[in-house]
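Asks: Protein chains in written order, with UniProt numbering: chain H, 1 to 107; chain E, 1 to 159.
Read the hints as simulated data drawn from the structure, not as lab findings. One or more hints might be untrue.
[As the list claims (entries may be wrong)] EDC-like, lysine to aspartate or glutamate: derived pairs with alpha carbons at most 16 Å apart:
hint, chain 1, residue 1, chain 2, residue 2
1, E, K6, H, E83
2, E, K6, H, D90
3, H, K101, E, E21
4, H, K104, E, E35
5, H, K101, E, E95
6, E, K31, H, E97
7, E, K4, H, D91
8, H, K104, E, D116
9, E, K6, H, E55
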Amino acid sequence: MNLRRDVFQAIADPTRRAILMLVASQSMTAGAIASNFDTARPTVSKHLQILTECELLKQEQNGREIYYHLNPKKMKEIADFIEPFRKMWDDRFNKLETIMKKYKPEK
Amino acid sequence: MEQKTKINAEDGKQELVITREFDLPLELLFKAHVEPDIIEQWMSTPHSPTKVLKLESKKHGSYQFETIDAKGNKYGFNGVIHEFIPNRKITRTFEMENTPFGVQLEFYEFEKLTDDTSKLNMHVIYESVSHRDQVLKLPFAQGINMAHNRIQEIVSKLK
Chain H
1 MNLRRDVFQA IADPTRRAIL MLVASQSMTA GAIASNFDTA RPTVSKHLQI LTECELLKQE
61 QNGREIYYHL NPKKMKEIAD FIEPFRKMWD DRFNKLETIM KKYKPEK
Chain E
1 MEQKTKINAE DGKQELVITR EFDLPLELLF KAHVEPDIIE QWMSTPHSPT KVLKLESKKH
61 GSYQFETIDA KGNKYGFNGV IHEFIPNRKI TRTFEMENTP FGVQLEFYEF EKLTDDTSKL
121 NMHVIYESVS HRDQVLKLPF AQGINMAHNR IQEIVSKLK
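Isolated chain E (complex conformation) (with noise of 0.2 Å):
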């Protein structure tokens, strides 16, 4: 089964990338991270939805999203947004408020493949290397990473 998504956090960085394709036009994946309706849709589940409180799509703009979960706990999310460059780049903040795991910094780059498929790249920068396992909850994506090709082709073959 080929991966769609697929995460690059290395050893002892306080990063990670995230990439993905999509079969859908540049534009369409652009305006799928600054519609609030479209963003609520995608980022909800069946048992927690999303809400944007407040989304300013634009250079000095901040954005406010809660999540409720299946018990009714309201989890906050929020960031500013430092760069917005429309179909190209979004630079925001993002911190989950009430929690141990800091401030990060996103860089989305967005990028067109063919007319019809796009290409998004998150780069997340943590506080620390600690601060970016915590929330991997995991120091061995890095190790994955690091043992790659013959560990990974063994362990996809058991997928």
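Isolated chain H, as found in the complex (with noise of 0.2 Å):
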């Protein structure tokens, strides 16, 4: 199965945010990740295909074990996604404050 995933789909889902944040703080295996989550094994197996597959995980083979580890630079493309909209914001409200301190009353 070589399905493009759509990384904003992927992310939607709450398991896979939950896994995404597991494995924030440490690379982890599909066992212990899997150990934190009610939902059975494959379960969790096919979360960890999508994200694998939209590179928000990566994979290191270490030994016996494939460890799963947080891609950041895919995680700052994500991030960077809202930045267009709170830019535009900011823009705005720094030409405000710009503006505002060199306004002068007119009493």
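Hints are included, so try docking the two chains, each in its own frame, into the full complex.
Replies: Written out as structure tokens, the structure is:
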């Protein structure tokens, strides 16, 4: 299965977001990740597969074990998605501040 | 880099909050939201000027703005003012004309921090969760907020 995954779809799922939070602090094996959830192991594997396909997670072979860790670059890409909206307001407000600092009340 | 303007858009909610602290006395911050010529200045960008066609800053007043992009296309915005308390609060509706974004309800709260600093809290409520997400153009603002601290930390280190 080689579907190109949409990252935004990937993080729309609460379990997948929880997985991202878990591995944000340390690399973990699939088993260790699964032990944090009540869901069946294959379900967690499916989530890991999706997160890996859209490059939010990276796999690292360590001896016999495969560790999953967060791909911060990809995370930043997503974080930047709201950035244009925030930036638009930030620019406006910076301008407002500059204008009003120069403002002379005409009383 | 500290971000002065912050956006909080929680998961699955049809609202968002924009907050910003200003190095301005409260009165000046408020004035910048009331005087048409000042609004025109800060709402405009070099390539797309904004004009205030109408602004009645009072209860039951209404407003109409227009922005023109570099190609000369006009974009209209309008709304009605529901509540107007000088130096404290403006409640109004906001609508981008000829878009599918619907009407949003906006609460602007102005707060004095010190004699020289103030804070604006903008609470925006959309018709539905999907309307909001459309406006934000992303379902992930929430995600980031939910996955908060740790991920946020990692992300901010990359900036």
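Asks: Indicate, hint by hint, whether the structure satisfies it.
Replies: The hints, checked one at a time:
1. The suggested pairing of E/K6 with H/E83 holds, with an alpha-carbon distance near 10 Å, which does not exceed 16 Å.
2. Of the pairs offered as hints, the one joining E/K6 and H/D90 holds, with about 8 Å between alpha carbons and a cut-off of 16 Å not exceeded.
3. Our distance criterion of 16 Å between C-alpha atoms is met by H/K101 and E/E21, whose separation comes to about 14 Å.
4. Distance hint between H/K104 and E/E35 is fulfilled; the C-alpha atoms sit about 13 Å from each other, no more than 16 Å.
5. Simply put, H/K101 and E/E95 have alpha-carbon atoms about 30 Å apart, too far for the 16 Å limit, and the pair is violated.
6. Proposed proximity of E/K31 and H/E97 is supported: the alpha carbons are some 11 Å apart, at most 16 Å.
7. For the proposed pair E/K4 and H/D91, the alpha carbon gap of about 10 Å is at most 16 Å, so the pair holds.
8. In summary, the hint linking H/K104 to E/D116 is supported, as the alpha carbons are separated by about 15 Å, within the 16 Å threshold.
9. A distance of roughly 27 Å separates the Cα atoms of E/K6 and H/E55; the hinted pair therefore is violated under the 16 Å criterion.
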